[in-house]
Structure formats: structure tokens, C-alpha cells
Amino acid sequence: MLFGFFTKGIASLLVTPAFFIYAIIKNKVFFVLKLKQLYFYIFIILLLIFLYYYLRELSTPGYVRNMLDSEVGRWNRDDGLHTHPFWFYLSLLYESHFKYYFMAVPVFIILYFFLPRNEYRKKSTIWLISFITFFLVISFSKTKLEWYDAPLIPMFSIFLALGIKSIIERFRSTINFSTFPKLTPMVVKGSFIFFLFIFPYVSITKANLTRQNAWHDINFGRALRQYNKLQGVPRKMEMLYVGLN
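Okay, so the sequence shown: first residue is 0 according to numbering that gives the first Met the number 0, each after it adds one.
Derived by calculation from the structure, the hints in this document are not laboratory data. Hints may contain errors.
Claimed, not checked - As a list, the in silico PhoX-like pairs of lysine-lysine whose alpha-carbon atoms are at most 25 Å apart:
id, residue 1, residue 2
1, 122, 27
2, 205, 98
3, 25, 35
4, 25, 164
5, 98, 164
6, 27, 121
7, 164, 188
8, 122, 181
9, 121, 188
10, 121, 164
11, 98, 25
12, 33, 122
13, 143, 25
14, 122, 188
15, 121, 33
16, 143, 7
17, 98, 122
Kindly generate the complete structure, drawing on both the sequences and the hints.
Encoded structure:
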């Protein structure tokens, strides 16, 4: 949690309610609340976070106020530029960010309730709750940006992978591979993985190689490389850019 906070700030804590919900489902709330280690770690994490912000504020007065306005204020602030409907992120996942496997998600959510209570289902539970929790938090936010749903993608992926693994384990006993050559299981698995990923891989790679990015900040590096190829121009320059990047 500490590394997550120092990497992405408050956004890393948005999934925290999922762990509390998971504890409720598992009837472990009082067990967790009795753990002395829990309060020790919470104290250490909060101490280091507050220490960081204290030192940062000393070196750059106004930093904390700016951080709160940027990371907390935007949740309830309508800037008119990044305002979208509640289902904005679900549409993004369906149309672009997870379009190749999106339709498998509702199928596996329904299937989840019929899967055997094995280790794969146990692991799937926390990922499904984490996805729903994170999705609701960012969807209720008034400020919505296209990349805020990025953490949902690995949650989706792991949930689907665990579901597929559970199904394979369920029906593995119905196929007797002993009558086939030794390489048959590897060939079957390899072929399954190949056909599962080959179309999205080719499509996404082709799109990334041919698409022109319109975000001008990304073009700084390209412009400087072209500048270095010019003859008779100064080799040293100072650049001042006042944007957030």
C-alpha cells in the first residue's frame, strides 16, 4: 500500500474498500480488526506518508494544497472539459480498452456462481470485488479521464484467467490424455493460447504502429532528434515548458 501510494498517490487507495467488503463476505471482520499487526502497519504507513508531505511542503510551500485540489478536489469538481456520463468507463472498455474480451466478462460473472468452490473461485472473488469497487469510485467521480480505467484491465484479465483455469480443471478429468502422445496436452494448451491472443495482438500492434499520436507533448523527443540531424545549428539550447508534463 505504501509503495502504491508513493507511485500513484491517492488513486492507489481506491481499491481499499474491496478488502473490507471481502472480509465481510468471508465473515472475518472481527478477526481482522483484532489483528495488532494491522494497526501497526496502518500507523507506519500513515506516518511515512505524512512525513513525506511535511518535508515536501517545507521544500515547496503550497504543495499539499495543490495536491489535495488535484487528487481529491477533482472527484467532486465539474471542470466542464472532462465531464462524462456514469457509464463512460464501461463504454471505453467495451469499445476500445478491453473490446476483444469484454463480452466474456458478463458470461464469466454469471458462470462464477456455478463454478466449484475451489482455489480459483476464492481468488476470483477478491478480483471481482476489486473491479466493482474501483469501477464505482471512478464512475461516480465528476472528472473522468480516458486512462483512469487502466487498473480495471488487469483486474478483468486475472478474473477471466482464473475462470478459464477453473473450467479447464473442471473438465480435465473427462479427457483421458494417456491415450494420446505425450506432447498432446502441450499442443492443445499452446493452440488455445495462440488463437486466444493472435487476433488482438496483430490488430493492436498494427494500430499502434500506424496511428499518429496527436498529443503534442509526446513529439518533443522526435523534434529534438530531428533537430540534432540539422547542420549549422546551435548544439546547446534551453527549453522552457510550462505545462503539467
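Hints, one by one, checked against the model:
{"no.": "1", "hint": "122 / 27", "result": "holds (16 Å)"}
{"no.": "2", "hint": "205 / 98", "result": "holds (16 Å)"}
{"no.": "3", "hint": "25 / 35", "result": "holds (20 Å)"}
{"no.": "4", "hint": "25 / 164", "result": "holds (23 Å)"}
{"no.": "5", "hint": "98 / 164", "result": "holds (21 Å)"}
{"no.": "6", "hint": "27 / 121", "result": "holds (14 Å)"}
{"no.": "7", "hint": "164 / 188", "result": "holds (11 Å)"}
{"no.": "8", "hint": "122 / 181", "result": "violated (31 Å)"}
{"no.": "9", "hint": "121 / 188", "result": "holds (24 Å)"}
{"no.": "10", "hint": "121 / 164", "result": "holds (13 Å)"}
{"no.": "11", "hint": "98 / 25", "result": "violated (33 Å)"}
{"no.": "12", "hint": "33 / 122", "result": "holds (24 Å)"}
{"no.": "13", "hint": "143 / 25", "result": "violated (33 Å)"}
{"no.": "14", "hint": "122 / 188", "result": "holds (22 Å)"}
{"no.": "15", "hint": "121 / 33", "result": "holds (23 Å)"}
{"no.": "16", "hint": "143 / 7", "result": "holds (16 Å)"}
{"no.": "17", "hint": "98 / 122", "result": "holds (24 Å)"}
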